[in-house]
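Using the hints provided, position chains B and C with the ligands relative to the given structure of chain A.
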Amino acid sequence: MSAPPFPARGRIAAGTRKTLSRKWVQRLLVWGAIIIAWEIFGRRVGPFFFASFTQTMGGLRELVVSGDIWVLGESIQQMLSGYLLAAVVGIPVGLLMGASRKFRHVLEPYVNLMFVASMEALLPFLIILFGVGFQFRTMVVFLFSVLYVVLNTQAGVRNIDSQLIETARSFRAPAWRIFKDVMLPGTLPYILAGLRLALGMALQGMIIAELWVQTQTGALLFGLAEFRALDRFLALVLVIMILGALATEALFWVQRKAAPWARDLATPGR
Amino acid sequence: MAGKSELAVEEIDARPVRQRASAPGWLGGWLLSGWGLRLLSVVALLAAWQWYGSRPEVFAVAPFTDVFRELLEMVLSGRILEPTIGTLAIATQGFLWAAVVGIVVGFVTGLSKLARTTLDPLINALYTAPVSMLIPVIGIWIGLNVRGKVFLVFLTAVFAVIANTSAGVREVDPNLVETARSFGARRWSLYRNVILPWSAPFILIGLRLAVGRAIRGAIVADILLITDNLGRFLLEAGSTFNMSVLLAGIVFTMLLGYALMELAKKVEQSLMSWKPSQYE
Amino acid sequence: MHRTDAGAVEISNLSIVFSQRIGKVQQRVAALENINLTIADGAFVSIVGPSGCGKSTLLRITGGLVAPSDGEVRLYGTQVLSPRVESAMVFQHHNLFPWRTTLRNVEFGLEMANVPSAERRERAKHYLDLVGLTSFADYYPHQLSGGMQQRVGLARALAVEPKILLMDEPFGALDAQTRFLLQEELSRIWVQDRKTVLFITHDIEEALFLADRVLVMSSRPGRFIEDINVPFDRPRSDHTRGLAQFGEMKEHIWQLLKPSAAGSELI
Ligand SMILES: Nc1ncnc2c1ncn2[C@@H]1O[C@H](COP(=O)(O)OP(=O)(O)OP(=O)(O)O)[C@@H](O)[C@H]1O
Ligand SMILES: [Mg+2]
Numbered sequence: 036m037s038a039p040p041f042p043a044r045g046r047i048a049a050g051t052r053k054t055l056s057r058k059w060v061q062r063l064l065v066w067g068a069i070i071i072a073w074e075i076f077g078r079r080v081g082p083f084f085f086a087s088f089t090q091t092m093g094g095l096r097e098l099v100v101s102g103d104i105w106v107l108g109e110s111i112q113q114m115l116s117g118y119l120l121a122a123v124v125g126i127p128v129g130l131l132m133g134a135s136r137k138f139r140h141v142l143e144p145y146v147n148l149m150f151v152a153s154m155e156a157l158l159p160f161l162i163i164l165f166g167v168g169f170q171f172r173t174m175v176v177f178l179f180s181v182l183y184v185v186l187n188t189q190a191g192v193r194n195i196d197s198q199l200i201e202t203a204r205s206f207r208a209p210a211w212r213i214f215k216d217v218m219l220p221g222t223l224p225y226i227l228a229g230l231r232l233a234l235g236m237a238l239q240g241m242i243i244a245e246l247w248v249q250t251q252t253g254a255l256l257f258g259l260a261e262f263r264a265l266d267r268f269l270a271l272v273l274v275i276m277i278l279g280a281l282a283t284e285a286l287f288w289v290q291r292k293a294a295p296w297a298r299d300l301a302t303p304g305r
Numbered sequence: 395m396a397g398k399s400e401l402a403v404e405e406i407d408a409r410p411v412r413q414r415a416s417a418p419g420w421l422g423g424w425l426l427s428g429w430g431l432r433l434l435s436v437v438a439l440l441a442a443w444q445w446y447g448s449r450p451e452v453f454a455v456a457p458f459t460d461v462f463r464e465l466l467e468m469v470l471s472g473r474i475l476e477p478t479i480g481t482l483a484i485a486t487q488g489f490l491w492a493a494v495v496g497i498v499v500g501f502v503t504g505l506s507k508l509a510r511t512t513l514d515p516l517i518n519a520l521y522t523a524p525v526s527m528l529i530p531v532i533g534i535w536i537g538l539n540v541r542g543k544v545f546l547v548f549l550t551a552v553f554a555v556i557a558n559t560s561a562g563v564r565e566v567d568p569n570l571v572e573t574a575r576s577f578g579a580r581r582w583s584l585y586r587n588v589i590l591p592w593s594a595p596f597i598l599i600g601l602r603l604a605v606g607r608a609i610r611g612a613i614v615a616d617i618l619l620i621t622d623n624l625g626r627f628l629l630e631a632g633s634t635f636n637m638s639v640l641l642a643g644i645v646f647t648m649l650l651g652y653a654l655m656e657l658a659k660k661v662e663q664s665l666m667s668w669k670p671s672q673y674e
Numbered sequence: 018m019h020r021t022d023a024g025a026v027e028i029s030n031l032s033i034v035f036s037q038r039i040g041k042v043q044q045r046v047a048a049l050e051n052i053n054l055t056i057a058d059g060a061f062v063s064i065v066g067p068s069g070c071g072k073s074t075l076l077r078i079t080g081g082l083v084a085p086s087d088g089e090v091r092l093y094g095t096q097v098l099s100p101r102v103e104s105a106m107v108f109q110h111h112n113l114f115p116w117r118t119t120l121r122n123v124e125f126g127l128e129m130a131n132v133p134s135a136e137r138r139e140r141a142k143h144y145l146d147l148v149g150l151t152s153f154a155d156y157y158p159h160q161l162s163g164g165m166q167q168r169v170g171l172a173r174a175l176a177v178e179p180k181i182l183l184m185d186e187p188f189g190a191l192d193a194q195t196r197f198l199l200q201e202e203l204s205r206i207w208v209q210d211r212k213t214v215l216f217i218t219h220d221i222e223e224a225l226f227l228a229d230r231v232l233v234m235s236s237r238p239g240r241f242i243e244d245i246n247v248p249f250d251r252p253r254s255d256h257t258r259g260l261a262q263f264g265e266m267k268e269h270i271w272q273l274l275k276p277s278a279a280g281s282e283l284i
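So the sequence lines, in the order shown, correspond to chains A, B and C. Sequential numbering of the first sequence, starting at 36, is according to this note's numbering. Sequential numbering of the second sequence, starting at 395, is according to this note's numbering. Sequential numbering of the third sequence, starting at 18, is according to this note's numbering.
So here's chain A without its partners, still in its complex pose:
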């Protein structure tokens, strides 16, 4: 036998490492230029309309020192409860829809309708149903994100190669083992992709719900804008953006770790 053509889980070869570092040099240069442009623009326009980079950093310090930033933590906790609910409901429903033709036939019209329809229109109704508290915000986050989980999970089940199921059958796999050893691992990358897309939607739902009822982060955003504290406002926006990006990256990472065999997927949504 010849030597393995490529290591299964190897380290990055020297060549790629060099291009990797070059990539980061390029990034730092361009990002630096953007920050400088931001700084100049911010100073030109003045603090009444915008905040420069350094002012924004100052705003960030103020947010942290005053402790205002922790409101965001509370918001995220609430968001996570809606998001987890979406996962807990969405994954089984998606699995059922993917595996059972009848189930799919019944649920498909509703899911498709809700997926493309403007969920935002439901807000005035949800408020009447749930009030302005925890339930309302959880429901908004749930409704914004659950369909992404359902549709991706379903796509995952349906994309499973039917030949693999036949192969498992030929080795006398009972139904539950086909589920556990073929359907679940085959669907896993799609479920994770769905959870990743759903996270962005959950964040969206969180912000819209909180702006609407003016609590927590939503109230903070409105307040800062009203007092023209744009330095702190932009700092908060930046923090939310970075948190969202980091969470998305983290889920990408989980996806690669948990499903190293899977390559790019066609995922519904975004």
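Treat the hints with care, as some may be off.
As the list claims (entries may be wrong) - To spell it out: a stretch of chain C is covered by chain A in this simulated footprint if at least three of its residues, at any positions, have a beta carbon under 8 Å from a beta carbon of chain A; those stretches are: (1) 104-113; (2) 122-129.
Claimed, not checked - Listed next, the in silico DSS-like pairs over lysine-lysine satisfying Cα-Cα at most 30 Å (straight line): (3) A/Lys58 with B/Lys507; (4) C/Lys41 with A/Lys137; (5) C/Lys41 with B/Lys660; (6) A/Lys215 with A/Lys137; (7) C/Lys142 with C/Lys212; (8) A/Lys215 with C/Lys142; (9) B/Lys659 with C/Lys41; (10) C/Lys180 with A/Lys215; (11) C/Lys180 with C/Lys212; (12) A/Lys292 with C/Lys142; (13) B/Lys507 with A/Lys292; (14) C/Lys212 with C/Lys267; (15) B/Lys659 with A/Lys137; (16) A/Lys58 with A/Lys292; (17) A/Lys292 with A/Lys215; (18) B/Lys660 with A/Lys137; (19) C/Lys180 with C/Lys142.
These are computed hints drawn from the structure, not numbers from a lab. Here the structure is a predicted model, which means the values were calculated and not measured. In this text, a Cβ means the ideal position worked out from N, Cα and C, and glycines have one as well.
Structure of chains B and C with the ligands alone, referenced to chain A:
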């Protein structure tokens, strides 16, 4: 939907013929088949809605028949027409800006390796960021008017176009580029003859997603930025607890979004009829 | 139930009709019609036939994956109603589980048979060694070449130690050199323990090189049109392929298949 698996086995509906006891009767068989179940579920859902909404102690949900009557009335009387046009006008303007800017930026970031390595992370971060957090400052930056709303719609929609366009451009089959080069295609004709047609399906996907986002953005703007159009319609009904009008308005708005997305899908399909269904 | 005089595989009066919707029309396609075949224990039988004549279908029925419309298949006297322990399959497309490493793929059948994990690992390693892939145990299928993937598929089937191996054009998708290598490897492995093998192919030379007996099938609905004994000594090698008789037999089968091959272009 991710329609990659159009040839899932069951869709071919092929099975070996077995001699066996007679199938259930015609009607029974149909009712248990897909379409029958679908119909039954809709009927059951509406019946449950009707029952729940008619209970005297329930005030948050109006019975289905009331909502339906209200829906018919608002459509036939034309009362809903003006708010619809208002919301759609905002959505359309924002969408057009997003399409133009998105395609240009998407092309640049897709074609240039430097732009790709440096700007991609930023674009991805912006794509997942909840744009609506800027609502409190849009008044300061643009103004609390239609332009502010268009700006919000633009922001909501543009990253879908950028991300898909640049993904399409960078996934151009290098073999095709080689082939075109070998036939003497240079810069511009290469763009026109290879890169543009190849990325067209991706751009169209981006545009379709942008249609949906634009409508949602317009409704958010009409609810949260300045109450107007469909947003006002819903909010007024909600604040007076006129539940049948509110629910009818919600159903109308959701169906409107659905119809526009279906339309966008049809347009996309007809433009792409030469393509095999490998794209979404 | 268990008859001692039974062959390893007994197929009697087997027919299958598919009902298929093409556009809006429901069509009935007879894929196999009244097939009868007995395979002796320890025989290596090849079936050649034009594309679409029902070879795969015959194999899938034998493997218990599809129920026939009529007739039956018995393995060592027991009727096949679902996949049986006596048989294991190797597929045209490798059908490896993409989320399992090579070794775990080979273990799959043993897992389904609830073999304790230590023994399972031991046996999987043994069969991976037999196909020469020990050093690739931790690779994922997509990291292997086409030939290696097929070898893993073969090891996976061998690992459950079936009495009957059902192979559906396992080398069909490979390039010529790799195919030759794998044919010789399969021949070598078979000589060691002489399992009963039913081997589907549309490569006439492959059938002759591997089998003791070659069955030629007509185009759809598939029937056997000739049953040929292959006399060459084992172990076979490139020398076998060069024999004059080998060439003659090849030519003979080709003449049998030619009318249907020409016809099948039109299907
Ligand atoms: N599940 C099915 N539904 C409908 N028709 C089928 C099905 N499976 C096989 N057929 C039909 O039965 C016939 C035989 O198919 P089969 O796959 O057994 O052919 P084959 O001899 O293996 O061909 P090839 O050499 O191309 O693999 C074909 O005409 C095919 O269209
Ligand atoms: Mg076949």
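Quick rundown of the hints versus the structure:
Residue count for the segment 104-113 of chain C with a Cβ under 8 Å from a Cβ of chain A: 5. That meets the three needed, and the coverage hint holds. Restraint check on the segment 122-129 of chain C versus chain A: 4 residues with Cβ-Cβ distances below 8 Å, three needed, restraint holds. Straight-line distance between C-alpha atoms of A/Lys58 and B/Lys507 comes to about 10 Å, which keeps the hinted pair within the 30 Å bound. Proposed proximity of C/Lys41 and A/Lys137 is supported: the alpha carbons are some 21 Å apart, at most 30 Å.
Restraint check for C/Lys41 and B/Lys660: the C-alpha separation of about 23 Å stays at or below 30 Å, so the hint holds. With a C-alpha separation of about 21 Å, the suggested pairing of A/Lys215 with A/Lys137 holds against the 30 Å cut-off. Our distance criterion of 30 Å between C-alpha atoms is met by C/Lys142 and C/Lys212, whose separation comes to about 20 Å. A threshold of 30 Å between alpha carbons decides the hint, and for A/Lys215 with C/Lys142 the separation of about 24 Å falls inside it, so the pair holds.
A distance of roughly 24 Å separates the Cα atoms of B/Lys659 and C/Lys41; the hinted pair therefore holds under the 30 Å criterion. With a C-alpha separation of about 28 Å, the suggested pair C/Lys180 and A/Lys215 falls inside the 30 Å cut-off, and the hint holds. At roughly 6 Å between alpha-carbon atoms, C/Lys180 and C/Lys212 fall within 30 Å of each other, so this suggested pair holds. About 25 Å separates the Cα atoms of A/Lys292 and C/Lys142, which keeps this hinted pair within 30 Å; it holds.
As the CA atoms of B/Lys507 and A/Lys292 are separated by approximately 27 Å, the hinted pair is consistent with the 30 Å bound. Straight-line distance between C-alpha atoms of C/Lys212 and C/Lys267 comes to about 25 Å, which keeps the hinted pair within the 30 Å bound. With a C-alpha separation of about 25 Å, the suggested pairing of B/Lys659 with A/Lys137 holds against the 30 Å cut-off. Only pairs whose Cα atoms come within 30 Å are accepted, and A/Lys58 paired with A/Lys292 is accepted, the gap being roughly 23 Å.
Restraint check for A/Lys292 and A/Lys215: the C-alpha separation of about 19 Å stays at or below 30 Å, so the hint holds. Of the supplied pair hints, the one linking B/Lys660 and A/Lys137 holds, its CA atoms being roughly 26 Å apart against a limit of 30 Å. Straight-line distance between C-alpha atoms of C/Lys180 and C/Lys142 comes to about 20 Å, which keeps the hinted pair within the 30 Å bound.
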